[in-house]
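4 protein chains.
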Amino acid sequence: MKKIKMGMIGGGIGAFIGDAHRRASRICNDFELVCGVFDSDYDKNREFAKKEGISDKRCYESVDALIRGELSLSPDQRMEAVSIVTPNALHFPFAKNLLSNGFHVVCEKPMTMTVTEAEDLERTVAEKKLTFALTHTYTGYPMVRQMRELISGGVLGTIQRIDAQYYQGWINSIIHGTDSRITGVWRLDPKHAGVSSCMGDIGVHAFNLIEYTTGLQIKEVLSDLNSVTDDVALDLDGTVLVRFNNKLKGVIRASQVCGGEENNLTIAVYGSKASFKWSQEDPNFLYLLSDSEPTRIYKPAHGYNEPLAESSHTMPSGHPEGIYEALANIYKGAAKSIRGEKFDSAEFPTVHDGVRGMKFIHAVVESNKKGNTWIKV
Amino acid sequence: MKKIKMGMIGGGIGAFIGDAHRRASRICNDFELVCGVFDSDYDKNREFAKKEGISDKRCYESVDALIRGELSLSPDQRMEAVSIVTPNALHFPFAKNLLSNGFHVVCEKPMTMTVTEAEDLERTVAEKKLTFALTHTYTGYPMVRQMRELISGGVLGTIQRIDAQYYQGWINSIIHGTDSRITGVWRLDPKHAGVSSCMGDIGVHAFNLIEYTTGLQIKEVLSDLNSVTDDVALDLDGTVLVRFNNKLKGVIRASQVCGGEENNLTIAVYGSKASFKWSQEDPNFLYLLSDSEPTRIYKPAHGYNEPLAESSHTMPSGHPEGIYEALANIYKGAAKSIRGEKFDSAEFPTVHDGVRGMKFIHAVVESNKKGNTWIKV
Amino acid sequence: MKKIKMGMIGGGIGAFIGDAHRRASRICNDFELVCGVFDSDYDKNREFAKKEGISDKRCYESVDALIRGELSLSPDQRMEAVSIVTPNALHFPFAKNLLSNGFHVVCEKPMTMTVTEAEDLERTVAEKKLTFALTHTYTGYPMVRQMRELISGGVLGTIQRIDAQYYQGWINSIIHGTDSRITGVWRLDPKHAGVSSCMGDIGVHAFNLIEYTTGLQIKEVLSDLNSVTDDVALDLDGTVLVRFNNKLKGVIRASQVCGGEENNLTIAVYGSKASFKWSQEDPNFLYLLSDSEPTRIYKPAHGYNEPLAESSHTMPSGHPEGIYEALANIYKGAAKSIRGEKFDSAEFPTVHDGVRGMKFIHAVVESNKKGNTWIKV
Amino acid sequence: MKKIKMGMIGGGIGAFIGDAHRRASRICNDFELVCGVFDSDYDKNREFAKKEGISDKRCYESVDALIRGELSLSPDQRMEAVSIVTPNALHFPFAKNLLSNGFHVVCEKPMTMTVTEAEDLERTVAEKKLTFALTHTYTGYPMVRQMRELISGGVLGTIQRIDAQYYQGWINSIIHGTDSRITGVWRLDPKHAGVSSCMGDIGVHAFNLIEYTTGLQIKEVLSDLNSVTDDVALDLDGTVLVRFNNKLKGVIRASQVCGGEENNLTIAVYGSKASFKWSQEDPNFLYLLSDSEPTRIYKPAHGYNEPLAESSHTMPSGHPEGIYEALANIYKGAAKSIRGEKFDSAEFPTVHDGVRGMKFIHAVVESNKKGNTWIKV
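As you go down the protein sequences, you meet chains F, B, G and V in turn. So in this note's numbering the end of the first sequence lands on 384, straight run, no missing numbers. So in this note's numbering the end of the second sequence lands on 384, straight run, no missing numbers. So in this note's numbering the end of the third sequence lands on 384, straight run, no missing numbers. So in this note's numbering the end of the fourth sequence lands on 384, straight run, no missing numbers.
If you are wondering where the hints come from, they were derived from the structure by calculation, not from laboratory data. Heads up, a few of these hints could be off.
A pair holds if it fits inside one copy or across any two, identical chains being indistinguishable in the list.
For lysine to aspartate or glutamate, the following EDC-like pairs were computed, each having C-alpha atoms within a straight-line distance of at most 16 angstroms [to be verified]:
(1) Lys10 x Glu39
(2) Lys64 x Glu54
(3) Lys280 x Asp83
(4) Lys57 x Asp26
(5) Lys51 x Asp63
(6) Lys9 x Asp63
(7) Lys51 x Glu134
(8) Lys254 x Asp238
(9) Lys9 x Glu54
(10) Lys9 x Glu156
(11) Lys343 x Asp48
(12) Lys103 x Asp71
(13) Lys383 x Glu373
(14) Lys64 x Asp238
(15) Lys254 x Asp237
(16) Lys9 x Glu59
(17) Lys226 x Glu373
(18) Lys51 x Asp83
(19) Lys12 x Asp71
Could you put the whole structure together from the sequences, leaning on the hints where they help?
If you want it as structure tokens, here you go:
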């Protein structure tokens, strides 16, 4: 099958997330990287392009140049989609520009800096009828998809409590200066990161995972955030009380200063009949708990799984796939959409998920500023 | 060594917690059950006493009769300590009466119905110079004690976040009527249980575990509670934001409607240098996480443990001890105190822990009532 | 209920296994320790008796003195059962003597030094119609009993492979001299331990666990043992190929030099329809694996368990019981037998299990001596 | 960097292992699939080539045609390496032919059908000075490499016991006919699979993992194999006693009829000072056990890891990579060798590992045939 020609913005030398997107796109085998603006430093940009086997001609100095250059190519050569893996502040202007010029977009989260920008993007996508995929990577895991399908099928009964956690510890090495391999400091700078560090970077993943797996919407939040040290302007840690309706409440906990935690995203959804628990660091184990039956462990590559889960895993059971394969599943979904094939709406997060995420981040920050009061999402 | 003569109030036929106290007292081997008021129904009371090998004469109709009867015996025959394992509302009057008459008390939590009662008891204990042990059983686990000792020794650096959870699901079977073996319904009745079900019964354990292991005090709480169903007056579920000081915040999560959760009490204490995680359902594994070194798993019965932890485990390593042995450790500590032997203050929770617990429960309930505002503990 | 009067042989100061038996007997609450020969050193014997609250008069100098002394007491005072917790070589003479004089016996494993002794004991028990309980403690765990009941009910289909492991590392500290807290060295001395260290002490537990849970008999063994160091005469490590019938084979692996392993006894029974896995260090989790359904985790204190398992656990679910409670379940079974109550044959191991165990140990040692050939059990 | 042009033999529609090789080669990004013989059925062959975007011209009817066709191309277009993912019997003739014609080879295991063939291939590789990579995929996991490096550095002291297991259950669905999605039946046919099913397919992985991680060589084996059902000619299950030297023994256990086991490869290496345990289904956790210190859990992407391990993981810690990434690491190592770059001999298994593996498989089968006697490897 012909591969979709893809450009990339950001993700040059040393940027792990750009590498992740490229690997994922190669794993799913639906995309071919043909051009990009990989670094704002042009020399590094070209050095990287060379390493990737991208011709100088298609290694552009700017996004504007990229758009101009690609539009000047014949349609069968021209890039069709662009992957945006820059710091947060650049997502909106680049995405907007690309969509306006007719290119599909795959974009890192958080989608934008503000809710206004997010809604602007939502309108643009609707107008242009293009594919916009937001890489909430964790929704690409087979067992997350299995959870979604079984919840939607009613396995849990009435949901009674939801608890999601996203704990990391890597910011410790920055604020306590204990690791010389420091990267990602831009996340602490409001100019590049936006109104939030912890909630914007990882809390929003927990939020998205809740809405993705349960199909429910969080209506209100009350947050208590913590910058931990006076040197930092943004939140590095926080807890968010969440409400779905009168009888359903929950909590989102996120932190970047939980020393020793690596990438500990977990979700627990408790229902009147049964409950699910899943943890990102053991992504191939999904636990179904019940008061009346033994706990069940679902794993990928079994006939008992729902089609959406089964089609998201390629190896036989017991051969662990990981986060690259999860991201590849998102890319696979986006590819189907770009190609006009039939796809399930659960196969990739869209601009609407991005709008929800921005509303969440801003409501959380506002709640904290206003003295921990309830704010509508 | 001569055993301490012990009476018991409550804990008759079918009461698992009374049985637990008796087993624990036999495991530590410092107590001998000699008398009691095991049931408010006198026939059942006598039936139980007979089964236990307690003479009719020392199976009393009421606490007043117990006190009178025992005081009439010669000091070498008379009970010295009493274990109170009744529903919550009776803890205070019985404890107060017993202390006033010179008996040591071992009491289930929550200690009283109100803060006023708790402080009254605190004064009584101080006046009478008697031993009062509150059975926050989980502080009896060797690895909880190991955590306390290592935190106190500075292993974690500055604590940056604390997260404790106590999730159970058994109330589901009551509110959804799915289990015919229903017991413990008195916990849903304010007359017997007090102002709270979930926070009073289990949230307070999480609270106590935090203060026990870290030596810190929670200053303020903001809670969001949930009774889940209109048929229930008390909280069955809730989240409590907690603050220790300006830069240290945390969360306590507790629920009795997390279907399939059994007795899932966990604590995570995150510090600038390292972090601890412990879970009650795997009590013999204590995890020390760090950003710069492999995670360590501490287990009981090793030379590397602190004396308080080592003396709280009797079997060689790999021979799992459980919750009865944890409770026996509390009884062992109380026995040392009663006998006037030297003991570490960490060996059993006292009336002061009970006062703290009552303040916590009431602050949590007040915060929820006042629309989720901060309340001092 | 009246307690069974119990004597004890061995198990004085510093002997953990004697302490374990006393705790277990107190937990189940059916026994009362009234006399004993706790140490071959009479001063230590008396010191220990005093500490336990045993009167000097009933602290005897020898087993002969114990028997004489107790027989001279009136039947309502006299001991009825005796717990033997001495080094292996003494099990047989003491047990034989006690049984011959009309006393029930609870005995540590391995039951005897030789198969001849074992069969002698078997005849004596049959003749005297007394209770003889062999403390294969691990058969007292609720989830081991659940496994037995479900296998017997056919859950696994035809059994296709059996794999049991018992790995410890504590002998390392003896042979490499790295721990000053050395105990148990008698296990390396053939005079006290018999023909085997590793297989006699722990391999036999794995053997027993297989026969207990599956109801099958091992017909033949082929072993390869290892004394690891020239300083040691007995096996410290070994693997045993086992055969049940033409199409069912398995393996028993045991070692005392697996550094860092604590008491890692595991069993896996694989059937045509499903399989079970259980591990002693997490005794309250039983895994049922299947090719066509999610893995199930059985835990104690649930309505879905078989009666034998349910009656072997007293706390509500999620309150972990441990090895003392497992041993207490064996004592509970023995008590029922001694009292003439109805009991399930799975409630405690008997002299027949002891004979099987001795046959296993001797066949394993013989196979190794004869150059790793098949020997009938 | 210019990609290595790769051909593939086998691995067409429905063949998961071919897909795995292609994904792995794309993940490491050093190879480009340009031609192949994907299926012995030419129509399916072309259908698959089309799907992969391979031109008809380079989709060949036979290996001979492939070699002829590619040799006729100019060197800058011609394939440089070939990935062989056919059933076992075809590995040798194809590999021999390709090497003889100057092509590098990546080959699935077991390498050949006989030891003679294996040694022939070894000579050919030596003569031709080409790269031959055998895909013992599990040696590509970062934590397996970490184990190797730390063992080689002496962390374990003297090794005292080695225990490796490879349990699967998928053959159950064939022999009991319970799954309609049956593939891989050729593994039960000696003509295609060779002298062994279980040991040849998976036992040899356990063997290789032992020699890879410890640097030791197994000298002798004694096996007991089981075909489980009369309908099957080859072993589906077995245990292999292994000896390294006089004082170091171990065991390899492998089975394809352990129902419910997915791909449960584990290794435990026990030393005088410490021990390692690793399990393929949780590949990112490596356990270091010791008698005197808390167990340590090593994970990828940490400064404490050895360079070989660190360079085998690309994501930040806590972002789980899986088996595709492990295989990509093998491909990465082969690419370095093909390009003449510097590489560590631990970066990919070679023809020598293949010879060792064939010797192991044949010794195991011979031992079983000769009545379970010791056979030199």
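Inset, instruction - Could you place lysine 280 and aspartate 83 in one of the four classes (within, between, both, neither) given a Cα distance threshold of 16 angstroms? - result: neither (54 angstroms within a copy, 55 angstroms between copies)
Inset, instruction - With 16 angstroms as the alpha-carbon cut-off, assign the pair lysine 254 and aspartate 237 to within, between, both or neither. - result: So lysine 254 and aspartate 237 pass the 16 angstroms test across copies only (9 angstroms; inside, 38 angstroms).
Legend entry - Homomeric proximity label, lysine 103 with aspartate 71: Cα distance no greater than 16 angstroms: Within one copy only: 12 angstroms inside a chain, 53 angstroms across chains, cut-off 16 angstroms.
Legend entry - Status of glutamate 59 relative to lysine 9 across identical chains (alpha carbons, at most 16 angstroms): Classified as between: cross-chain Cα gap 9 angstroms, same-chain 20 angstroms, threshold 16 angstroms.
Legend entry - Same-copy or cross-copy closeness of lysine 9 to glutamate 156 [CA-CA at most 16 angstroms]: Cα proximity of lysine 9 and glutamate 156: none, with 31 angstroms in one copy and 43 angstroms across.
Legend entry - Status of glutamate 54 relative to lysine 64 across identical chains (alpha carbons, at most 16 angstroms): For lysine 64 and glutamate 54, the Cα distance is within 16 angstroms only inside one copy (13 angstroms; across copies 35 angstroms).
Legend entry - Alpha-carbon proximity context of lysine 10 and glutamate 39, limit 16 angstroms: Both ways: lysine 10 and glutamate 39 sit 6 angstroms apart in one copy and 14 angstroms across, limit 16 angstroms.
Inset, instruction - Classify it for me, lysine 9 with glutamate 54: is the Cα-Cα distance of at most 16 angstroms met within a copy, between copies, both or neither? - result: between (28 angstroms within a copy, 14 angstroms between copies)
Legend entry - lysine 57 and aspartate 26: within-copy, between-copy, both or neither at 16 angstroms Cα: Close inside one copy (15 angstroms), not across copies (28 angstroms); limit 16 angstroms.
Inset, instruction - Pop the pair lysine 12 and aspartate 71 into one bin, within, between, both or neither, using alpha-carbon distances up to 16 angstroms. - result: Neither. Shortest intra-copy (18 angstroms) and inter-copy (35 angstroms) distances fail the 16 angstroms Cα cut-off.
Legend entry - lysine 9 and aspartate 63: within-copy, between-copy, both or neither at 16 angstroms Cα: Answer is between; shortest inter-copy Cα gap is 15 angstroms, intra-copy 23 angstroms.
Legend entry - Same-copy or cross-copy closeness of lysine 254 to aspartate 238 [CA-CA at most 16 angstroms]: between (40 angstroms within a copy, 12 angstroms between copies)
Hints 3, 7, 10, 11, 14, 18, 19, counting from the list given before, are not met by this structure.
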